Amino acid sequence: MALSKPLIAVLAVLLVAGGGVAATGVAQTDASASTSTGTVSALEMDATLGNETVTVTVADDGTPVENASITVEGEDEVTVTTDANGTATVDRSALTEDGESLDELEVEYESDHAEGKLEFVVRDDSLTLVEEKYEYDVESADGDDESGEHEEREGDADDEDDEREGDADDEDDE
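Using the UniProt record's numbering, the letters of the sequence shown map in sequence onto residues 1 to 174.
These are calculated hints, taken from the structure and not from any lab test. Treat each hint with caution, since some may be false.
[Unchecked claim] Simulated DEER-style distance windows between Cβ atoms:
hint, residue 1, residue 2, range
1, Gly62, Asp137, 20 to 26 Å
2, Asn67, Asp103, 26 to 32 Å
3, Gly50, Thr79, 30 to 36 Å
4, Gly62, Ser93, 30 to 36 Å
5, Asp76, Glu110, 15 to 21 Å
6, Asn67, Arg123, 30 to 36 Å
Being a predicted model, the structure only gives us computed values, none of them experimental. Ideal placement from N, C-alpha and C gives every residue a C-beta, glycine not left out.
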């Protein structure tokens, strides 16, 4: 059976593209995020507001990230480390001065190969996500580091249905 030239060209492109994806899709080692050598490929962060605390959780592809250094910022900034469950807790009073109420909250994770950032608005003693952003550094096939944005979500705090959706180009509109 003879193959046509266009079919051969398409197969060649798929073969080359597939090899490129495999070369750039190699997971990155993030020694600062785990006690053992692990990879950071699907960072997930969340925060919840309790009566006296803010609890932050960090996972990579559903697996808790132990020993991750997390910065939680209200009016003041506190850095905490996650436990074996990927959880860290901050006393709310450490984030404000003189017991004032907390209006905004920012949670950040940064390592050699990955960054995550969550921004919340505090309303009625609950958190509403207004921005979620993750970035990963990927080493290309030629050994150069390439920084790439993995995921960014923005939302309108007034519209809970759109809370986790958005357009990265709207970042300057806020």
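Now the hints, each set against the structure:
As the Cβ distance of Gly62 to Asp137 is approximately 22 Å, the hint placing it in 20 to 26 Å holds. Our hint of 26 to 32 Å for Asn67 and Asp103 holds, since their Cβ atoms are close to 30 Å apart. Separated by about 19 Å at the C-beta atoms, Gly50 and Thr79 break the suggested range of 30 to 36 Å. Range check, Gly62 to Ser93: Cβ separation about 32 Å, and the 30 to 36 Å hint holds.
Taken as a hint, the range 15 to 21 Å holds for the pair Asp76 and Glu110, whose Cβ atoms sit roughly 19 Å apart. Checked against the hint of 30 to 36 Å, the C-beta distance between Asn67 and Arg123 comes to roughly 32 Å, which is consistent with it.
The earlier numbered hint that this structure contradicts is number 3, and it is the only one.
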